[in-house]
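Once you have looked at the hints, place chain B on chain A.
Protein chains: 2
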Amino acid sequence: MAIFRQANSSGLTDVPGFEVAGIHCDIRGKEDGRLDLALIRSLRPASAAGVFTRNALAAAPVRLCRDVLAGGRPVRGLVVNSGNANACTGGQGLSDAMRMRALAADGLHCSEEAVFVCSTGRIGEPLPMERIDHGVAIAAGKLSAHGDAGLLAAEAILTSDTRRKVATYRMETPSGPVMLAGMAKGAGMIEPDMATMLAFLTTDADIEQTFLQEMLREAVDDSFNRITVDGDASTNDSVLLLANGASGITVVRESETAPAFKEALEALCRDLALMIVGDGERTTKVVEIRVSGASSDEDARRAGRAVANSLLVKSSWFGNDPNWGRIMDALGYSGALLDEQSVRIAYGDWESGPAADAFARGRVLTGNRATWKAIVAADRFRIEIDLGKGGASYRIWSTDLTEGYVNFNKSE
Amino acid sequence: MAIFRQANSSGLTDVPGFEVAGIHCDIRGKEDGRLDLALIRSLRPASAAGVFTRNALAAAPVRLCRDVLAGGRPVRGLVVNSGNANACTGGQGLSDAMRMRALAADGLHCSEEAVFVCSTGRIGEPLPMERIDHGVAIAAGKLSAHGDAGLLAAEAILTSDTRRKVATYRMETPSGPVMLAGMAKGAGMIEPDMATMLAFLTTDADIEQTFLQEMLREAVDDSFNRITVDGDASTNDSVLLLANGASGITVVRESETAPAFKEALEALCRDLALMIVGDGERTTKVVEIRVSGASSDEDARRAGRAVANSLLVKSSWFGNDPNWGRIMDALGYSGALLDEQSVRIAYGDWESGPAADAFARGRVLTGNRATWKAIVAADRFRIEIDLGKGGASYRIWSTDLTEGYVNFNKSE
Numbered sequence: 000m001a002i003f004r005q006a007n008s009s010g011l012t013d014v015p016g017f018e019v020a021g022i023h024c025d026i027r028g029k030e031d032g033r034l035d036l037a038l039i040r041s042l043r044p045a046s047a048a049g050v051f052t053r054n055a056l057a058a059a060p061v062r063l064c065r066d067v068l069a070g071g072r073p074v075r076g077l078v079v080n081s082g083n084a085n086a087c088t089g090g091q092g093l094s095d096a097m098r099m100r101a102l103a104a105d106g107l108h109c110s111e112e113a114v115f116v117c118s119t120g121r122i123g124e125p126l127p128m129e130r131i132d133h134g135v136a137i138a139a140g141k142l143s144a145h146g147d148a149g150l151l152a153a154e155a156i157l158t159s160d161t162r163r164k165v166a167t168y169r170m171e172t173p174s175g176p177v178m179l180a181g182m183a184k185g186a187g188m189i190e191p192d193m194a195t196m197l198a199f200l201t202t203d204a205d206i207e208q209t210f211l212q213e214m215l216r217e218a219v220d221d222s223f224n225r226i227t228v229d230g231d232a233s234t235n236d237s238v239l240l241l242a243n244g245a246s247g248i249t250v251v252r253e254s255e256t257a258p259a260f261k262e263a264l265e266a267l268c269r270d271l272a273l274m275i276v277g278d279g280e281r282t283t284k285v286v287e288i289r290v291s292g293a294s295s296d297e298d299a300r301r302a303g304r305a306v307a308n309s310l311l312v313k314s315s316w317f318g319n320d321p322n323w324g325r326i327m328d329a330l331g332y333s334g335a336l337l338d339e340q341s342v343r344i345a346y347g348d349w350e351s352g353p354a355a356d357a358f359a360r361g362r363v364l365t366g367n368r369a370t371w372k373a374i375v376a377a378d379r380f381r382i383e384i385d386l387g388k389g390g391a392s393y394r395i396w397s398t399d400l401t402e403g404y405v406n407f408n409k410s411e
Numbered sequence: 000m001a002i003f004r005q006a007n008s009s010g011l012t013d014v015p016g017f018e019v020a021g022i023h024c025d026i027r028g029k030e031d032g033r034l035d036l037a038l039i040r041s042l043r044p045a046s047a048a049g050v051f052t053r054n055a056l057a058a059a060p061v062r063l064c065r066d067v068l069a070g071g072r073p074v075r076g077l078v079v080n081s082g083n084a085n086a087c088t089g090g091q092g093l094s095d096a097m098r099m100r101a102l103a104a105d106g107l108h109c110s111e112e113a114v115f116v117c118s119t120g121r122i123g124e125p126l127p128m129e130r131i132d133h134g135v136a137i138a139a140g141k142l143s144a145h146g147d148a149g150l151l152a153a154e155a156i157l158t159s160d161t162r163r164k165v166a167t168y169r170m171e172t173p174s175g176p177v178m179l180a181g182m183a184k185g186a187g188m189i190e191p192d193m194a195t196m197l198a199f200l201t202t203d204a205d206i207e208q209t210f211l212q213e214m215l216r217e218a219v220d221d222s223f224n225r226i227t228v229d230g231d232a233s234t235n236d237s238v239l240l241l242a243n244g245a246s247g248i249t250v251v252r253e254s255e256t257a258p259a260f261k262e263a264l265e266a267l268c269r270d271l272a273l274m275i276v277g278d279g280e281r282t283t284k285v286v287e288i289r290v291s292g293a294s295s296d297e298d299a300r301r302a303g304r305a306v307a308n309s310l311l312v313k314s315s316w317f318g319n320d321p322n323w324g325r326i327m328d329a330l331g332y333s334g335a336l337l338d339e340q341s342v343r344i345a346y347g348d349w350e351s352g353p354a355a356d357a358f359a360r361g362r363v364l365t366g367n368r369a370t371w372k373a374i375v376a377a378d379r380f381r382i383e384i385d386l387g388k389g390g391a392s393y394r395i396w397s398t399d400l401t402e403g404y405v406n407f408n409k410s411e
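From first to last, the protein sequence lines stand for chains A and B. Numbering of the first sequence is given in numbering that gives the first Met the number 0, commencing with residue 0 and proceeding in unit increments. Numbering of the second sequence is given in numbering that gives the first Met the number 0, commencing with residue 0 and proceeding in unit increments.
Pulled out of the complex, with its shape left as it was, chain A reads as follows:
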């Protein structure tokens, strides 16, 4: 079944049966005109799936979203603000999130239990509820299925991001087309197991909730859970997928369309995840780390994450320095089974082409040094690590660590 990536995505409005709005209501209190509130409406009752942060201090809105999902009933919309995470805000935070949801339910003419609520931004500040009250009313009046609205909504969820993150896929099924689109945000506090990231996905397929949830969990595990900027997993991370059935096409388990839908969903999540890691706060490179030959899945994950999160390794990438010795060091303390003779490290271009060995069978391959140096000088490249101890593998995307990152984060 053919799957196409749409060249110019407008985000959620590319899917029939959804209206969105993105507006400014001055959440940050800076009167800078920055968009900071988005509203999403499904014109039909939609089934929903969600994956959330595992941070023990999950923010109030995350707890409400979990409740909505657990209810298992059709969903009609979602409200989200940027500039304030409504995290570590105690009982006040929970009642503010409930109030924000009630305001959105009013605007969307539906019950509170049919609305998701999300927040992203600064931790520990109470939400400015008067401005949100005003903002939700404005947004409800601007709901539109036009592509411009989709782009404004994608803009309204950003925090330290430097650009919008949207993508759209189209599947040609025997019964007609199915659309799948998403918008995301995230640039700092990015680490596998979610991050200060939000992603909202919509489709006009008709899909039963349990199956939808299962497919979303798998797609998230292979995309948003495989990126790291700084190893910090946040209090607010959420990925939500709404399926409204507007296409009239049903995707059920074991059907011909199911594998194609899964493939499109995974591609959409990977696109958005790479947009997030590619927009890491003041970073300059994206590096794909492919671990193979691990004695277990857990070992492959440990090895990949140790390399992806090593400050010394990440600093060396910033300096265009391959520094395989620091990679060996990180592998050594990762806890994965390996030894000096078994490990192979190779550098390759982004996505394709052969990789040049740097270290193998206990020896450095100095003859290839010019090749790795050229590869590591690029904005994107990959590192292949074979532990030589088994058949398990893992893939993770990371960034370099830059002086700009530290400068950017030294105060809020």
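Take the hints with a grain of salt, since some may be wrong.
Below, computed lysine-lysine pairings styled on DSSO-like, alpha-carbon distance capped at 27 Å [unchecked claim]:
id	chain 1	residue 1	chain 2	residue 2
1	B	Lys141	B	Lys29
2	A	Lys29	A	Lys141
3	A	Lys372	B	Lys29
4	A	Lys29	B	Lys372
Residues from chain A that face chain B, not an exhaustive set, calculated with beta carbons under 10 Å [what the hints assert, rightly or not]:
id	residue
5	Arg53
6	Gly89
7	Leu311
8	Ser314
9	Trp323
10	Asp328
11	Asp338
12	Arg362
13	Asp399
These are calculated hints, taken from the structure and not from any lab test. For every residue, glycine included, the Cβ atom is placed at its ideal position computed from N, Cα and C.
The following block gives chain B in isolation, referenced to the frame of chain A:
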């Protein structure tokens, strides 16, 4: 029993019965005159204890040191070079380390099995054996018990350190004085469970090996294993303690002197550990993190390490920004049992004085904001974190993350 910290330490030569030397033999091949090889000689057979890196890719010299210790026989000395770690160097590396040890044994007129060998510096380069051959001979000719020699040896083990690290303690026992001294190096790849750090300790007490090892393990767990600069644990970390009995005073388990010796050893290790973290590559602050109220020792450790290694938390310290919200986030993903109502975070001056609450019982204490801001602006301060879930505690020292660190490490 009275314990004194000596105001001006010369390092290992402060202990009777030890001779040392620190010389230049151009390990780095830069002809810069930098000291890079040290030799330590115990004039009497000494019992020895050692604690080493848990990195799976432990360097060749670390493996030899483990063999020496396992032999359980008296030790006569130690040779160490800086500028080259002799790590990830395969069979060649092991035979080079054995050759280096044999050269030192010649110079010290003892058997190879009585000599420790250590290396620190760049990973993956073969040792320049001709220069080491020459260097060990020069060092053997310069062995001296004079304080100048102690300081030269302390200088010869440094890599990216900006200053020597030495400390000396004196215990007044009923039978006379016992001395305990140490020298250390380390500035990058610093993380609990050891680091690119070396520490060499000497005492003139007479202590049986098993008891010596037990006391060293405890002291290291509470000092060198509680510091972190960048979360990277290296291939070469070693702490070695030689006890030569020159004082004629024996320290045995259950004796009156044992608790005093332990206390002095712990103070010495803590002093050297704090010198290492205080000299973290291009860092500007040392922060003590005290976790209490954890439901288990493991939870206390997890919480402390998550905060100590969070890039966002460390970046905020660099900017004099208390940012308790990022600390909450790190606690939340640490895996420790806690909730928003149970956690208390307070900022205090280095070592003493009351701490000012920033977050407690689910609320931020904005009235104290000026106090925390002033505390965090200092070069050294402490953070108290009470998880409110039990009685376990943990202490760890960390640094800020600076633009200078990234710049320094972007290439070797």
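Structure-based check of all given hints:
As the CA atoms of B/Lys141 and B/Lys29 are separated by approximately 23 Å, the hinted pair is consistent with the 27 Å bound. Pair hint A/Lys29 plus A/Lys141 holds up; C-alpha atoms about 23 Å apart against a cutoff of 27 Å. Our distance criterion of 27 Å between C-alpha atoms is met by A/Lys372 and B/Lys29, whose separation comes to about 23 Å. A threshold of 27 Å between alpha carbons decides the hint, and for A/Lys29 with B/Lys372 the separation of about 23 Å falls inside it, so the pair holds.
Because the beta carbon of A/Arg53 sits about 7 Å from the nearest beta carbon in chain B, less than 10 Å, this interface hint is met. A distance limit of 10 Å between C-beta atoms decides the matter here; for A/Gly89 the minimum to chain B is near 3 Å, and the interface restraint holds. With a cut of 10 Å, the hint placing A/Leu311 at the interface with chain B holds, because the nearest CB-to-CB distance is about 5 Å. For A/Ser314, the shortest C-beta to C-beta distance to chain B is roughly 4 Å, which falls under 10 Å, so the interface hint holds.
Evaluation of the A/Trp323 hint against chain B yields a held restraint, the C-beta minimum of about 7 Å falling below 10 Å. Checking A/Asp328 against chain B by beta carbon gives a least distance of about 6 Å; that is within 10 Å, so the hint holds. Checking A/Asp338 against chain B by beta carbon gives a least distance of about 7 Å; that is within 10 Å, so the hint holds. About 6 Å separates the beta-carbon of A/Arg362 from the nearest beta-carbon of chain B, less than 10 Å, and the hint is met.
Interface hint at A/Asp399: satisfied, since its Cβ lies 9 Å from the closest Cβ of chain B, which is below the 10 Å cut-off.
Against the hints set out earlier in the document, no violation occurs for any number.
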